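Colleague: As given, the protein sequences belong to chains A and B, one line each in that order. Mapping to UniProt numbering: the first sequence position 12 is 12, numbers consecutive. Mapping to UniProt numbering: the second sequence position 179 is 179, numbers consecutive.
Hint data in this document are derived by calculation from the structure and do not stem from the laboratory. One should not assume that every hint holds.
[To be verified] Below, computed lysine-lysine pairings styled on DSSO-like, alpha-carbon distance capped at 30 Å:
1. B:K205 with A:K251
2. B:K205 with B:K149
3. B:K10 with B:K205
4. A:K104 with B:K196
5. B:K169 with B:K146
6. B:K185 with B:K130
7. B:K196 with B:K178
8. A:K104 with B:K178
9. A:K102 with B:K196
10. A:K242 with A:K264
11. A:K104 with B:K205
12. B:K146 with A:K102
13. B:K130 with A:K102
14. B:K185 with A:K104
15. A:K104 with B:K149
16. B:K185 with A:K102
17. A:K102 with B:K178
18. B:K185 with B:K146
[What the hints assert, rightly or not] Residues of chain A placed beyond 12 Å of chain B at every Cβ, according to the derived structure:
19. D92
20. I174
21. F192
22. K251
[What the hints assert, rightly or not] Computed Cβ-Cβ distance ranges for the label pairs, DEER-style:
23. A:D92 with B:R114: 27 to 35 Å
24. B:N172 with A:I181: 58 to 66 Å
25. B:T111 with A:D92: 21 to 29 Å
Nothing here was measured: the structure is a model prediction, and the numbers come from that model. A virtual CB, placed ideally from N, CA and C, is assigned to each residue, including glycine.
Spelled out, the chains give:
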Amino acid sequence: MEAIQKAGACLGIVFKDGIIMVGEKNIQSKLWIPERSEKFAKIDSHIVLSVIYFLRYKYDHSKVSTLSIKKKQITLKVAIAGVTSDANILVDNAQLNAARYKYKYQESIPVEMCVHDTCNYTQSFTQFGGLRPFGVSMLWAGYDTEEGFQLFHSDPSGNYGMFKQIHFFICVYIIYIICVIYVYVCMYVYIFLINIRPNIILAINNLMIAFFFVCLIILLDTAEWQATAIGSNAKSAQSILKEDYNEKLTKDDAIELCIKILTKTMDSPSLDSEKCYVFFFKPLKKNLLNNFYKI
Amino acid sequence: MDAAFGFVGKDYALVVCDCAVPRSIVVMKQFEDKIAAARKKRGITQYTRKQNNILIGKVFELIFLIEIWANKYRNNFSEYIQRNLKWYEMRNGRKLSNHAIAHFTRNELATALRSSPYMVNLLQAGYDAKAGPCLYYIDYLASLQKVDKAAHGYCAFFLLSLFDRHWKKDMNLEDGLKLVDMCIKQLNNRFLINMKKFVVKIVDKDGTREISREAPREHKDEDVEMKEPENKLHRSPSDV
């Protein structure tokens, strides 16, 4: 899990009209011509891609670990070779699952099911001796008619999660505590200081509970964002996301936000079109169109 | 000699099947329900989470009609499909759409076709909250077609022409049931062996309903199609 934190960052944002994902591009040398994106893969027409990664799995006794202690450039190459292959296996597996589902039901596979299947596969490599787990963590962006746009994150252990707002629950909890304290203070004041009949206190109590539910409903309606980051400096990226995300983001705003965060997570100070992928995922009428383009 | 037909109306789909179980020249049973619900519970409401966190109820229900060639195939196959759907629901926490169920069924028939074929023809009627009512025609050779009106077996000879004439797009339920009566009457007129009892199942946004229809006792010359010739060559069902 720690090793995963060291690879280049990927982050995804769900907004009203689609999903934006950006990833850092590794460029080893100017002579190297990337044939395809090693960070993004298309699973099906609706689940687009899983984004991949991460390398540098450290073993106590393997050759990989010895190499990783050496120069950074060399380790990266080795690591990418090793891990991109892990990722390819998983991508193939997911594509196969998606295609099988489509053959059987003539319908696109639900996003969560696809993630679930792949995670089950990943998990089996953590359970038995002699097998090396996949050194890959992924972000999945997908769309289905039931749930709309979805963003999932899965890691080498086979856990996966769908990204929703975290501080929303904290807010609700705080409001709840405030209500409770308020009620108890009221009871104390009324009973011991003013001496009012208890049924009035009960009424106040009910009011407080009503207040709590109103707050809850308001929160449920307004609080809703889905965004996450994986890779190097993922935590700082997540904290920026928490501050800057709001549900009214437009496509341009979202791209801008992604790029801004990606810049902050990278080691090198400058970010240009050579160094990142931007992926935009949106539905086109009945079918879904996905575009790869560079900025 | 089984008769099974169905059509799609405005916000509902219905299927009709006769209730007789014949073997050779003998009728073994008169009250056999040949229509199986693909989901046992009626009118289940499925909740889906939307992006704005509001729960939206959604009815997702269908009937599944299976016409027999042999009784064993019908029971066997319908249970097989039912259990598979249930398993899918338990495993994935979501329900298949009618489209997916039809293709799944077809796939199963096609897989079995070359080894131990199921001798079943079926009509699948269903209602999806988004897609509306639908009717699928599947035969024992695993051909699948989404249709507005369909009939299986010998009754197709007469009923398809009747549908062409009387079926209209977006028929309401009242007109639909009139058409069903017309069909039953026609079957009773034309076939050597009369089918006495029919079961009609309707699926719409509220779930499924069942209506049983008796073949009309009195023969009346209401419809142009069924007008009898001047000289009575054949006996009407009431004489039997």
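Colleague: Which hints from the list above does the structure break, by number from lowest to highest?
Modeller: Structure breaks hints 1, 4, 6, 8, 9, 14, 16, 17.
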